[in-house]
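A.B. asks: Construct the entire structure; sequences and hints are all you get.
Protein chains in written order, with our numbering: chain Z, 1078 to 1311; chain L, 1078 to 1311; chain R, 1078 to 1311; chain F, 1078 to 1311; chain U, 1078 to 1311; chain D, 1078 to 1311.
Read the hints as simulated data drawn from the structure, not as lab findings. Among the hints, erroneous ones may be present.
You can't tell identical chains apart in this list, so a pair holds if it fits in one copy or across any two.
Derived DSS-like pairs: lysine-lysine, alpha-carbon spacing no greater than 25 Å straight-line [unchecked claim]:
#	residue 1	residue 2
1	Lys1293	Lys1270
2	Lys1117	Lys1293
3	Lys1219	Lys1079
4	Lys1117	Lys1219
5	Lys1270	Lys1086
6	Lys1117	Lys1274
7	Lys1300	Lys1219
8	Lys1219	Lys1274
9	Lys1092	Lys1293
10	Lys1092	Lys1219
6 protein chains.
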Amino acid sequence: MKTGIVIRKIPRAPKETIEALGRCGVATIHEAMGRAGLMKPYLRPIYGGAVCAGSAVTVLAQPGDNWMIHVAVEQCQPGDVLVVAVTADNTDGMFGELLATSAVAHGVRGLVIDAGCRDVAALTAMRFPVWSRAISARGTVKATLGSVNVPVVCAGAEVQAGDVIVADDDGIVVVPRASAAEVLAASNARMAKEDIKRARLSSGELGLDIENMRPKLDALGLKYFDTIEEAGRQ
Amino acid sequence: MKTGIVIRKIPRAPKETIEALGRCGVATIHEAMGRAGLMKPYLRPIYGGAVCAGSAVTVLAQPGDNWMIHVAVEQCQPGDVLVVAVTADNTDGMFGELLATSAVAHGVRGLVIDAGCRDVAALTAMRFPVWSRAISARGTVKATLGSVNVPVVCAGAEVQAGDVIVADDDGIVVVPRASAAEVLAASNARMAKEDIKRARLSSGELGLDIENMRPKLDALGLKYFDTIEEAGRQ
Amino acid sequence: MKTGIVIRKIPRAPKETIEALGRCGVATIHEAMGRAGLMKPYLRPIYGGAVCAGSAVTVLAQPGDNWMIHVAVEQCQPGDVLVVAVTADNTDGMFGELLATSAVAHGVRGLVIDAGCRDVAALTAMRFPVWSRAISARGTVKATLGSVNVPVVCAGAEVQAGDVIVADDDGIVVVPRASAAEVLAASNARMAKEDIKRARLSSGELGLDIENMRPKLDALGLKYFDTIEEAGRQ
Amino acid sequence: MKTGIVIRKIPRAPKETIEALGRCGVATIHEAMGRAGLMKPYLRPIYGGAVCAGSAVTVLAQPGDNWMIHVAVEQCQPGDVLVVAVTADNTDGMFGELLATSAVAHGVRGLVIDAGCRDVAALTAMRFPVWSRAISARGTVKATLGSVNVPVVCAGAEVQAGDVIVADDDGIVVVPRASAAEVLAASNARMAKEDIKRARLSSGELGLDIENMRPKLDALGLKYFDTIEEAGRQ
Amino acid sequence: MKTGIVIRKIPRAPKETIEALGRCGVATIHEAMGRAGLMKPYLRPIYGGAVCAGSAVTVLAQPGDNWMIHVAVEQCQPGDVLVVAVTADNTDGMFGELLATSAVAHGVRGLVIDAGCRDVAALTAMRFPVWSRAISARGTVKATLGSVNVPVVCAGAEVQAGDVIVADDDGIVVVPRASAAEVLAASNARMAKEDIKRARLSSGELGLDIENMRPKLDALGLKYFDTIEEAGRQ
Amino acid sequence: MKTGIVIRKIPRAPKETIEALGRCGVATIHEAMGRAGLMKPYLRPIYGGAVCAGSAVTVLAQPGDNWMIHVAVEQCQPGDVLVVAVTADNTDGMFGELLATSAVAHGVRGLVIDAGCRDVAALTAMRFPVWSRAISARGTVKATLGSVNVPVVCAGAEVQAGDVIVADDDGIVVVPRASAAEVLAASNARMAKEDIKRARLSSGELGLDIENMRPKLDALGLKYFDTIEEAGRQ
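C.D. replies: What follows is the structure, given as structure tokens:
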């Protein structure tokens, strides 16, 4: 794939699906997808309690160069989330208050960036959520082309433009647009099951019993002893 | 030591000793132990102000596999702290809201885990304190045996089942059960001394004078100059 | 430069210049200096919202040895900031509540340390701001000489005693004393320009248009396509 | 994508294309692809001078579990390269001499693994090239399903089964199978150009002149001074 | 445990057991111990092909202070291996040619150090094997007491004085002295089994068949498909 | 300091001084300077046995942009060493065979770069020594100005153009030009002393005795015990 490409029209999942996925949370969705779709945990929110769900507008940028984010804002619609991948590991502050002001003006809900972020006091005051690999005041140049809305690998996860991004305190999950409805259904089913399990665990029942783990543990050879000395005699 | 072992009966320090150690704080206890017993500083609390003191129930787990934590909960008594070591560096979210619900139902006071943790928004709302090396939504399997209540090395510190664990914003310290009373006495003595020192420092007295450091600095050759140019002429 | 040297008289920038720089913020000052002067982003504040501006009193210390900080406090005047460099990467808790009490008694405004810090709950309660590379209860010795008020490299930035240190949630910037007034003027000019830009971005205008980026992007060959398929046919 | 899937029939690029790409080297191919396709540089060869080119047989494994590599070997043909991605960062020794013996018996040319490798003395003696993120004797379990020949993200790069993998001392590049011929042509063209450039540089000509950089540097404002003092006066 | 302690008489395993363990290699011993006893993989040999087996003389040192290594050399006997733990993460060059000369004169076979090493060209020429976490010329002081021959945690593994240390290109394993003979027997048994397995794998037989993995994979639900499209239809 | 500046005339130390420093080695020079001047140990040579001594031509570059190295080569004289600092942490392959060919044609002896390097097989064959923080095939752009021969901080050490750079397997040391002769004298004196010490250590004498450490250890309270049990009874 050549760089220097901007794609203007991207498919997006239905709004109500995106909103509903946002209510499921990252861990539930990741499990419902068969334990897939997570970005690496080095991306962290800039403030506690940040949550975000939207359609990915993807950016591929050069380290230390935020030019393509400006190009990307023009392609954003209300409800979008900017997802910025960088061609090499970098912590420069590629995004700050001014770009956030511009993003908010175009309805962008948040940013996921495999690089640094700055002006975090101002961004926190605006409640504009950002997940980044670093906080750094280091400024950037505007010198080299990248691309917008091409497939990118961001923090170890593949993202296509229009995929649903859900982010919270636990990290970021990427839901392929085509399977958003199916993942939502599976997430809701999982949450219902967890409600039941939570009630049982809260009453003191053990996961060992609820999930019937004892026979399998026994089959694999788990042994119980009263004391460590007794175990040593085996 | 073979894996696949669960020890049911572990010795515990007296409750009042544990509570009193909890009031001393991690830094004081670590100093009172002769600067020993600390876990590595990469373990961090999931929320600010978290504090915890209790008896260690130890877990040795495989990376990405939280099965043994379920086994361990059954061995917990009110006042215990789960201490989870993993056989290789790992950041997966091996503990979350459901396991915390189960732990709370059995009186567990907190978790120290040399791996990742998830559902941190829910855990924070529950005020269930966790010290972990990462926050990650990554789910885990239940496939491989480990052990419970065997000696483990967790974040660089050796922990025996029943040792007293004290954790706060500064980190985690392990107090060998047999020396808990002695460490408590030394910690209290240290706090008393620090109260006096704090008052003197607050009035403007210098550590140089309170601790009589000047003669030793002088003996080692510390030299004072008015300006850097003057120093260069030496 | 030999170690074991303490310089007593250091030049300082005018108070009003330092205060005014403190109001500009780290990112603005760094940009106004031509994107220079930043420490590496691994130094982080111990609590959110920490801000600090003052004259650097520099310390060069041995890893795990905080003796020279005691020596440095005697050289501090109201309005100073301690800047501690260490001869090797280290995360020990070289600074805590007692040293902070002493520092506050001598008018010190904050600490920047390329090592660890402890007693962070107490420091936060005191609102004594610290930027450190780690939080660690690990105690330190007082055994080896270093120097005070000599030039140091701290977290990748050169600091001379008396340079202006400005620190906030975004990191730490070092303003050479001799250029403090010039940097302040440039920072103020930048803030005025950013106020105008912020208003335009907030109204929905694009950075692409405000900064007239389109011709340069076009010259470098940026291409727009409706769909990814269309781009692939090129 | 569910886990627990093995794909038996994968497309492969023509042998002569693969061989020819192997002669181009990683840096050249990466440049010829428009600076794309590289894995992250933390993957390193276990011995100097290792080179490898072949068709990717992809593996998605659980951390600390090498079961799926055994499953993958059955799917390998002479000329293939095993590419192992892991669902979480892990350094365990998931591959060693026995698996290498099996791989060699099925014509596998090398291994790229985003985890650890062991028996490196034996692998080096066999001249079986491995690129890994760590060398570790840590043993692994065979407990959890993964997948074979599904698309994976390995060390930050997307790999499809059948893509051409080229690896040498500089790292690993992934050439999408469909564009292998085109990339080969571009790589050969680049090498021809570099031969000419090398000869000119070797004779003392400057890159500044060969690539006509001076006018652009001048336009951007590069200034030459005789001394640093002279520059400071500007 | 207080610091400032030197233990003079330590038990050692029989020489022939140590020699025989040295011939087994680290990975084999680690497996024979039930996948236990390994140090973390960040410790690496300073030259390829380094191998070492001997009795541990343990050292607990302060970061950046190599005084206790001098104290330890006096306690070494021919056939010993120095194992140096440091109270905090540190990469200083705590060991170099002069100390190696002294160690060799006392029959020491090698060094395992959770810190840095220097003079590696000279050490390599002497064929004195060192496993360290860094190579660094950074010099150290002799200012603070530590201990010799007390139990230490080195690179994540507990070591008692007199334990058998085996180190090679794959890392370092610690064999508790009391179980050295038992571990040797298990290691030899494992090597015998591996010889058979190697021969079968070399002939093209699959691990899947040799270890009879297919029924278990099938029971867990592993599915084979001809193509990825076919898998997607499921 | 503004960027976009090239200084043409730099002072250099006398050739014979540089050659003689090169024969002392990095560790000796660092000690002779009072344990100063070292770069951080994450910079490593691309091949074993690399050695280099010369006058620093400094480069300040943007991450992922090697344009300024081309500018710097024109300023190099036979006997110079290129020292490349980057404004943010970066591992891109900013230097390879073509630039090395150009550098060699201008008499450059080696490269120290706080970023990545590529074509390491070719560079090794040329015996062009490079110390870098990574090996990476990642290509770079030529888009943004930096500076040449201004003071830089490279891997934690300050470097002025014309300083003497000595590099070997142990790392890199920066000798300020003005003190090169004095450092050489101190290094030679140190080597003479070490020759004597080496002979005594080789004969079995202990550092404890040669350096008369016992009284100081005793004064600080070091205690000897026959067994660990005896120590515990104290």
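A.B. asks: Go through the copies and call it for lysine 1300 and lysine 1219: within, between, both or neither, with a Cα cutoff of 25 Å.
C.D. replies: This pair counts as between: shortest inter-copy Cα distance 17 Å, intra-copy 63 Å.
A.B. asks: How would you classify lysine 1117 and lysine 1274 at a CA-CA limit of 25 Å: within, between, both, or neither?
C.D. replies: Neither. Shortest intra-copy (28 Å) and inter-copy (35 Å) distances fail the 25 Å Cα cut-off.
A.B. asks: For lysine 1092 vs lysine 1293, is the C-alpha pair at or below 25 Å within one copy, between two copies, both, or neither?
C.D. replies: Neither: 43 Å inside a chain and 36 Å across chains, both beyond 25 Å.
A.B. asks: Treating 25 Å as the Cα threshold, decide for lysine 1219 and lysine 1274: within, between, both or neither.
C.D. replies: Answer is between; shortest inter-copy Cα gap is 17 Å, intra-copy 52 Å.
A.B. asks: Between the shortest in-copy and the shortest cross-copy C-alpha distance, which are at most 25 Å for lysine 1270 and lysine 1086: within, between, both, or neither?
C.D. replies: Neither: 39 Å inside a chain and 34 Å across chains, both beyond 25 Å.
A.B. asks: Could you figure out if lysine 1219 and lysine 1079 sit no more than 25 Å apart (CA to CA) within one copy, between two copies, both or neither?
C.D. replies: Both, since 19 Å and 17 Å are each at most 25 Å.
A.B. asks: If the cut is 25 Å between Cα atoms, do lysine 1092 and lysine 1219 qualify within a copy, between copies, both or neither?
C.D. replies: Cα proximity of lysine 1092 and lysine 1219: none, with 34 Å in one copy and 36 Å across.
A.B. asks: Within a copy, between copies, both or neither: where do lysine 1117 and lysine 1293 come within 25 Å Cα-Cα?
C.D. replies: neither (32 Å within a copy, 31 Å between copies)
A.B. asks: I want to check one pair: lysine 1117 and lysine 1219. Are their C-alpha atoms no more than 25 Å apart within a copy, between two copies, both, or neither?
C.D. replies: Close across copies (21 Å), not inside one copy (27 Å); limit 25 Å.
A.B. asks: Under a CA distance limit of 25 Å, which applies to lysine 1293 and lysine 1270: within one copy, between copies, both, or neither?
C.D. replies: within (22 Å within a copy, 28 Å between copies)
The earlier numbered hints that this structure contradicts are 2, 5, 6, 9 and 10.
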